[in-house]
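What follows is the residue order along each chain.
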Amino acid sequence: MKERLRALDPRLLWIILALMVLGTLTLFSAGRNTPQATIWLKQTVWNLMGLTLMLLLAATDPRRILRYSFPAYLLGLLALLAVLVVGKKIGGATRWFVVGGQTFQPSELMKWVTLVYVSQRLGSRPADSIGRLELLGAVGLVAFPMLLVQRQPDLGMALSFLPILLIIPLMKGLRMRWVVALVLLVTVGGFGAWKFALKPYQKQRVMIFLDPSSDLQGKGYQVNQSRIAIGAGGLIGKGFTSGSQTQLNFLPVKTTDFAFSVWAEERGFLGVLLALGLFGLLLSRILDAAKAAHTNAEAYFCAGAAGIFALHLLVNVGMVAGALPNKGMVLPFFSAGGSSTLSFFLALGLIMGILYRSRVK
Amino acid sequence: MDPRQRPLLHRRLGVFKALAWSLVAVLILIYAWLQLVRQGEFRQLALQQAVKVRPIAAPRGLVLDRNGYRLVDNRRALHLVIQREDLPTRPEVVEALALALELEPAALARKIQSYRLAGKGRPLVLKENLDDAGIALAERVRARFPFLSVDVAPRRVYLGDELAGHVLGYVGEVDDELMKAKPGVFRLGETIGKEGFEASGNDKLKGVDGQRRILVDQLGTEVANFGQSDATSGRSLYLTLDAGLQKVMQDAYGEEAGAAVVLDLRDGGILAMYSSPSYDPNLFLNRLSQDMVDRYLNNPTRPMVNRAIQGIYAPGSTFKLLVALAGLEKGVITPQTVIYCSGKKNFYGRDFRCDKPTGHGGLSLVQAIAQSCDVYFYEVASRLDIDDIYATAEKYGLTERTGIDLPREKRTRIPSRAWKRKAVPKDPKWYAGETISVGIGQGAVGVTPIGLARFYATLATRGKVLTPHLFYGFRSDQTNQLELAPSPPTKETPLDPKLWAVLDEGLYEVVQGGTAAANPFIREIAREASFVGKTGTAQVAAFVDKSHYARQAKHLKDHALFAGYAPHDRPQIAFAVVVENAGFGSTAAAPIAAKLVKYWFVDRLKNPLPPPRGRMVDPFAPAPEAAE
Chain A
761 MKERLRALDP
771 RLLWIILALM
781 VLGTLTLFSA
791 GRNTPQATIW
801 LKQTVWNLMG
811 LTLMLLLAAT
821 DPRRILRYSF
831 PAYLLGLLAL
841 LAVLVVGKKI
851 GGATRWFVVG
861 GQTFQPSELM
871 KWVTLVYVSQ
881 RLGSRPADSI
891 GRLELLGAVG
901 LVAFPMLLVQ
911 RQPDLGMALS
921 FLPILLIIPL
931 MKGLRMRWVV
941 ALVLLVTVGG
951 FGAWKFALKP
961 YQKQRVMIFL
971 DPSSDLQGKG
981 YQVNQSRIAI
991 GAGGLIGKGF
1001 TSGSQTQLNF
1011 LPVKTTDFAF
1021 SVWAEERGFL
1031 GVLLALGLFG
1041 LLLSRILDAA
1051 KAAHTNAEAY
1061 FCAGAAGIFA
1071 LHLLVNVGMV
1081 AGALPNKGMV
1091 LPFFSAGGSS
1101 TLSFFLALGL
1111 IMGILYRSRV
1121 K
Chain B
16 MDPRQRPLLH
26 RRLGVFKALA
36 WSLVAVLILI
46 YAWLQLVRQG
56 EFRQLALQQA
66 VKVRPIAAPR
76 GLVLDRNGYR
86 LVDNRRALHL
96 VIQREDLPTR
106 PEVVEALALA
116 LELEPAALAR
126 KIQSYRLAGK
136 GRPLVLKENL
146 DDAGIALAER
156 VRARFPFLSV
166 DVAPRRVYLG
176 DELAGHVLGY
186 VGEVDDELMK
196 AKPGVFRLGE
206 TIGKEGFEAS
216 GNDKLKGVDG
226 QRRILVDQLG
236 TEVANFGQSD
246 ATSGRSLYLT
256 LDAGLQKVMQ
266 DAYGEEAGAA
276 VVLDLRDGGI
286 LAMYSSPSYD
296 PNLFLNRLSQ
306 DMVDRYLNNP
316 TRPMVNRAIQ
326 GIYAPGSTFK
336 LLVALAGLEK
346 GVITPQTVIY
356 CSGKKNFYGR
366 DFRCDKPTGH
376 GGLSLVQAIA
386 QSCDVYFYEV
396 ASRLDIDDIY
406 ATAEKYGLTE
416 RTGIDLPREK
426 RTRIPSRAWK
436 RKAVPKDPKW
446 YAGETISVGI
456 GQGAVGVTPI
466 GLARFYATLA
476 TRGKVLTPHL
486 FYGFRSDQTN
496 QLELAPSPPT
506 KETPLDPKLW
516 AVLDEGLYEV
526 VQGGTAAANP
536 FIREIAREAS
546 FVGKTGTAQV
556 AAFVDKSHYA
566 RQAKHLKDHA
576 LFAGYAPHDR
586 PQIAFAVVVE
596 NAGFGSTAAA
606 PIAAKLVKYW
616 FVDRLKNPLP
626 PPRGRMVDPF
636 APAPEAAE
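In the order they appear, the protein sequences are chains A and B.
Under my numbering, the residues of the first sequence are numbered 761 to 1121, in order.
Under my numbering, the residues of the second sequence are numbered 16 to 643, in order.
Here chain B stands alone, though its shape is the one from the complex (with noise of 0.2 angstroms):
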């Protein structure tokens, strides 16, 4: 039969039809939904994924020495970072990212999740500064997770390594808990300062980051670009720091612990200042791996300790010249004032030892600094006191910061009744046999290099309190010359020149024919380049914190100082420098400071460095000390 007259074949074709073309209608219906209705919401999300605000990092300035060798250069990194906007959600995605990177998947995690809750800023960097193999670890990585990109970033250069790693610090991401205590002033993901001058300097150093819109495609890759606000790059700056002195101070340490500081006269400014052992900031840029840590900041030594104003070391003979100060200004002493040294001494029924068990005899306070006797000065603490010293610290500046610009200073340790009383409640009472242990810079007294420093310069100059600083001035944008900043405040603090040509010839007869001058090589210096100062011994371990003093009494050897200035007759700097458990001041101390005054006086006007010019000269290749 021809199925054609079949009329339940046509029915149920008719109900095919039918059913067609409902299906057609309804697959209409449903992009009708979706193109007319919810056109706007697509739209958007299309736009979202397709343009992007990507930031541009503004570099940061360089850092230059006082003559225009570049401390701190910029060189381009790249990086391996997730937009803002591209962080994945699933937990498996991300566990997955971190096996594929070799990262710890909660740590990943945590981290994605706190960037998330921060405010918008700059892309979520996972890893730093690729290298090739990181590039093409990078690429392969982008192929599973189109969300990651490549981005190009400026990245701080430190062009002497260890040579003032403390002085410069290094910069690094902003953390979480400087984003809570200053809410508001740091974008996610920030580069800052982090130690040193880049930490107090962020401010002068950092520019102005600047934006770019993009068209990228599924990749990530940018297609076009829709126009961009350009990066306003942070000014460079001058520091007051001599590249060459500095080296000389770095090689005049080798092995030994300790810091040194020298002080420019004219403004405070700081012309070297090195900690013993000192770090490579470079290495402080890329997340911090375990031999790093070993090697920074588990070593016994402290090398991440800026020992210059962190270094709590009892100031032992060099004290003597604040003790003399005190006492001529209480009127206790004259300049005349002779005091017999039989070798020691009784006070309060207890024996003082004087460093030469022979006893000096009769000397004048001229002759009891050059031959650092120990009984004079009890005999000058005997007649004051401990609150009299203190006022006189007070009076040079001794008892505060010195207000250097750089992070954490500690300030120095001038015992007084008042301090007592805070510092030991369990025994509260000044004892005058304290004041006698202070006499001689022992006991309770602390002081920092820089604070020791500034002191010798106090002296130097008739009663300036400088502030010591590393800001010189910003580079001019249009002459790329220094702009010379205006110093930081000095207070003047009059010195009777009576009292202060004592003091003066004291520390002159040191050098001459005292304590420092049993050393040939310091006898040979001072005929080059007159300089003056005072040697000391502390018998105390430096005091940088409770474990370090535990530990470092172990060492019995006495930590070395010398202070003083140069030259005699019209001085420019003033120095102080500490060795630790070197032994006497004479002979592990003042040759370091011997050497900086024979650079800066004698070699570096004989030989000096070539003229900075171009990029990337390296003024540390040719080591000034090397050429002789």
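Just chain A, same shape as in the assembly (with noise of 0.2 angstroms):
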């Protein structure tokens, strides 16, 4: 046991703790008056779970976990299919396996497969140098679980197998300036269309083949109540359960996707600049597991994994405050959710690996 303690990056774990701490408090603070007063006790048992995965991944060499990404991709395949297949369907959308009264979302974790996946096939080929045929079969790897959850459909989560795409065939030499042009293309191009090309009735096409939910749910009421909510926590905040928006409602989904919003409010931007801060080292550290890693395949992999926590903080943090179209993805150790809450301490506990191993030889 002493041993396996000694695995865990003290930076990293003091990082970690910290966020969960947060997060904690924004979840019983969102959860007060509702239905959903214990879901903070709920969090904690998934929170707990995480760290003793985490513990385990942790003192456990990558390779070992590396060398069974193959049979777990095609596993993570077969899941995504079967959920299409015999998946709840909740609110429009059918993400989930109900095993015991437990929703798992297989998603969650198959964005992690992947990025293992990708990471082990890409690092055991020769480095600094992608070929066109490394490209396309990485491209193709990723693209097919990305399809299969657009399918569900889950714009959101099929927006966050994209760090992969672009990451790793950077670490591997991708230049710089093609990735560099494609997003401004991407960007500038789609932006241009939007604005000026298509006419509304594509646009709602464009808009109804992304996320078909878009309009039902009334969005913009909902990011108009977070941005409120932000807005006047000011400086230092409504206060500890004391912010009007949370506790009166006017917040909507608080526990998962807006849960941010809660902290923002109660805590003012003190408490964001603590929260963002934390944000800063954790992928901060992240980057330096790659960098200390041994093999290119761990490199590759911690790369990704910080691409995959920035996406989520970028585009959760800033759809809240309304900077960013209303997407569901969730805020690691903020929002709600036992699949998303174990993936993520599964990824830190694999980083976590890594930097042991660099730490021990």
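Treat the hints with caution; some may be incorrect.
Computed Cβ-Cβ distance ranges for the label pairs, DEER-style [to be verified]:
| id | chain 1 | residue 1 | chain 2 | residue 2 | range |
| --- | --- | --- | --- | --- | --- |
| 1 | B | Glu237 | A | Pro960 | 38 to 44 angstroms |
| 2 | B | Thr104 | A | Phe951 | 26 to 32 angstroms |
| 3 | B | His25 | A | Leu765 | 29 to 35 angstroms |
| 4 | B | Val223 | A | Pro1085 | 47 to 53 angstroms |
Not close to chain A: a few residues of chain B, all C-beta gaps over 12 angstroms, as computed [stated by the list, open to error]:
| id | residue |
| --- | --- |
| 5 | His25 |
| 6 | Glu117 |
| 7 | Glu177 |
| 8 | Asp232 |
I should point out that these hints are in silico values taken from the structure, not numbers from a laboratory.
Quick reminder that beta carbons are idealized off the backbone N, C-alpha and C, glycines included.
Starting from the two chains in their separate frames, assemble the complex, guided by the hints.
Spelled out as structure tokens, the structure:
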């Protein structure tokens, strides 16, 4: 046991524990006076399970894990296919398996499995250059589960596969300028087409393709309430369990997608600084792990993991502030949910294992 | 090769780290913008939706009869409403809401729009007076449209149902036309009296709304109360009506159409007023259903018209008293003048027939009134000019509205040369023959029952022109007793006692041995409670309006009238009774008057109603007549 505890990276651990505390406080406040009053307790259970998982993985040689990435990938694809057939439909989307009253979302885990498998595959090939076939293969490996996820449909989740496609080829030697050019082309082209070329009904079709539930739930209302909550928080916040937007239920889905708004309303800008600072440190430490990794595959994995965490941070924190479109993407440590929590800890466990191996050698 | 030795990977990771921290920095900037720069604006918005000012509707005052029986009460009712600040703006939301509530989407959109444009006021009421099913529906719909809320507001209850529908009227939401006609007087959605005394006494009955500052959650449920200014109830008031007499009057009409009024000769207070067919004001508190529209608004019998003040009837022989008075005052006849009746008489080349084809023979004025001889009054009229008759009518207040405190009273129509010039521009000349018809209350002359009752009150009081009124006084807040209000002014018009005595004797003879005495029921009651009066049988159908006139013309039966006062020696009440298409005044109208007199002077004193006490005493349960 002592041996295993030593495998934990203290800096990463402190950051994780601090974010966990923030998230639990947020959920405690968000659940008050709602049917979800004990959600913070449930999340604590998930967090403890996640920590245990992380501890186990940290003490395991990453190479032994990476070895199983191909069967895991195939299993994941099967799961994504299966969920389309036997999954439970909630709010117009088929994303969940139901096992003994618990729902499980396979796409959460599949995102990480895909990352592991693509890292392993490209990491086993000569470094510092990337051939067209390798690139195409990587695109195919990521695009397949992405499309399956979009079939559910779940645009937010599908998008969260994208960092794998951008970061690993870059790590392997894809010229930065190609990526920059691609990103620019997509953004400027998409924006230009949206603004000037597409007719309203075409835009609507695109919107419906991307997110069939976009208009039904009045997402404009949700984001508006979230912005009010954040803005009303001011510098020091309304105080713990004292935010009017949160406590009077004006803030929607406040235990998952909009949990960060609860924190921002009740703890204010100072609280936001604290949380975002911790996330910055988390990303930084994960990238440190990439630098310290022994193998290319491990380095790719860590960089990709940083990208996925960063995307969640950007989309969720940006979305609740109204700066980005409302796409359901959870915020690690803040949004309640078993599948996502366990998946995040799984990734962090792998990263800790990589850090540990770089330390002991 | 150890990846840690490779510069490319290091460079890339360096870039990623920089990107990660820039991402954090950008997010911090966004939050700084929202939380530091725009904090005030968002605080305001958060406050606006959580803290609401809700008006507290003030209950209107109760309406009691002169003895304190409740005629109009208040109960609590639930309404489904939208608070002003929560009005939906998106058309698709309005449409979905309309579908959920089974309303017409276009109508709801219009309603919301007009409500939005008008000034601040009470919440917009979507569904009134929810019953159990309505509450269940409201709760279901609220789950989808959280901006809806359920409001508790006082609701009027009219205890007698149809008993005094026209007198009491009903309340409703102030409408757009009135808002425009009197800007600044009403608030949107305010409950005001629409008809009857509710309308004319609106300022007396309405209270002052209060308001509450409350904290609400997203569903609009009140979470905390920050303080309130209470609503001040409207003052309760007494009407001059006597519920018992009113009930007798209602029962006396049964299925017949018509109207009757009983006046208190001391002050002009209206003891009873009924217009048949009546309506139940309770039904008009909700939005009208098609069934209701057919039953009331499109009904050819026009139940919504208060015939007592809006029905214009040819007075028939009841008008002869005015003609006699005009003749006496002008000096064309004296109390002793005898005129011979042969059953008909020729004036200006045309035969005018008497009611009795065989003729009455020679008659004095008293006998002419008692027998209702037409020829006698043709002769009196022929000696008068139409403007003489008008002048007398004007002197005794018959040409004006009585000024009763009810809305939309119609004026009686007493013809004159000036009137004809204005009313019949194609044939403006007055013909002498027309005056002959007016002499027996036919032709162009038309009176309202209230106007006729007041004229007989003037006869009874020897020249007082009373102002009929319903408002009796406020109920004291301290003692719950009546605080009598001053009566409206009475015009004194001296009537020569010698002339009066002849008319009074004539009316007395009508009941004792004249036209009304033929009915044994009348004779029997007149022995118990002496009353006097004049029968009338109007050959011309009631002139309510042109379409009504056209339709009524199919019914060739005459209108029956009876007007008079009681008791004979010291009159206390005056009355007028009109029964439409019922035949003779003596058989259809006089019995109703007799029943009223009998109740007022005999039954009421013998079997008094139980005293009104406590809440919700129903004075109408033991029908005074059924008690016998």
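Tested hints:
no., hint, result
1, B:Glu237 with A:Pro960: 38 to 44 angstroms, "holds, 42 angstroms"
2, B:Thr104 with A:Phe951: 26 to 32 angstroms, "holds, 29 angstroms"
3, B:His25 with A:Leu765: 29 to 35 angstroms, "holds, 31 angstroms"
4, B:Val223 with A:Pro1085: 47 to 53 angstroms, "holds, 51 angstroms"
5, His25, "violated, 7 angstroms"
6, Glu117, "holds, 22 angstroms"
7, Glu177, "holds, 49 angstroms"
8, Asp232, "violated, 4 angstroms"
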